[in-house]
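As given, the protein sequences belong to chains A and B, one line each in that order. Just so you know, we're using the numbering used here here: the first sequence kicks off at 17 and counts up by one. Just so you know, we're using the numbering used here here: the second sequence kicks off at 92 and counts up by one.
Hints were generated in silico from the structure; no laboratory data involved. Warning: the hint list may mix true and false statements.
[Stated by the list, open to error] Simulated crosslink set (BS3-like; lysine-lysine; CA at most 25 Å straight-line): (1) B:Lys180 / B:Lys138; (2) B:Lys212 / B:Lys180; (3) A:Lys61 / B:Lys295; (4) B:Lys180 / A:Lys61.
In case you want the letters, here they are:
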Amino acid sequence: MNCKKVILELTSYLDGVLESGVRIDLEEHLARCTDCRIVVDTTRKTIQIFCNSEPVPLPDDVRTRLHTALLDRFRRNSKTT
Amino acid sequence: MVPCQMSVTSYPKLTLGVQRFVSATEPKPLASTVVRDDEAQLVSAAKAGDVSAFEELVNRYERKIFRLGMNITQNREDAEDVMQDAFLKSYQNLDRFQGDSRFYTWLVRIAVNEALMKLRKRRPNQVSLDEPLTDGEDPIFREIEDWGPSPEKKFAQTELNEILTQVIGELDPIFRVVFLLRDVEGISTEETAQILGISVPAVKSRLLRARLKLRQRLNKHFRRSETQ
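Modelling step: build the complete structure from the supplied sequences, incorporating the hints.
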């Protein structure tokens, strides 16, 4: 496997859905190619950093307005039915 | 790949004075498991007019939909509109929901469409889900430098959040949305394709480019030479 093929298979590899024969080829390439190893490692970390980031909080006022709007819609619906 | 985990913050359940349909528990972190077994039951009850069942769905998904709106639009007011419109439209059109996908997937599709409309209004002619002819850069194999084991720990939480918001905001929306759905919300490739109305290979291709572009943009912050 060459470096270009590693990049093409990167998403499937990181998602753990690569067919085992291809995965073994890819990992053999990684064992001898520092550049690819760094790309794979830093791409994996990129995903993890976003996943581990602090979730966007839902502000109380935003949530209250949502539920007020829904209540209004429920009431209007109940009047028309 | 370690699946994306979403921290669960406890919010009080807002009820509208109607007896609860089921006892509520906190949403699970993974989108693949976030849809609990009772979702179809809740949708069915909501369709029959049980508003408490719909409330339960809202309580379950409101934070995720707001976060998605924030991440796509990068604007709090737009994210609020996206969340409200998504829930109001899903309630109004519940009869049209045939159950051939999960309710959550259907809700996300509505929210994504609302969010993209916001972007299009802000930047007409610049927001399209079609592939760009060229995105002007090739992120593959640029700036290959090691980051060390936990590069994000070099930053305070607020600083890190600013960096992540900035780099995701710089992504073209067609890549940003795919990355958010797949890697942040944990939605499957097939469902992402369904939500965006594109093919599975197109999702995979965009996800690869999104991941590589984000990696490249984070590189200047996280490379060892910057963080040590």
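Tested hints:
Taking the CA atoms of Lys180 (chain B) and Lys138 (chain B), the gap is about 13 Å. The hint holds against a cut of 25 Å. For the hint linking Lys212 (chain B) to Lys180 (chain B), the alpha-carbon distance of about 19 Å falls within 25 Å, and the restraint holds. Taken as a hint, the Lys61 (chain A) and Lys295 (chain B) pair is honoured in the structure, with Cα atoms around 19 Å apart against an allowance of 25 Å. Between Lys180 (chain B) and Lys61 (chain A), the direct Cα distance comes to roughly 37 Å. Violation of the 25 Å bound is thereby established for this hinted pair.
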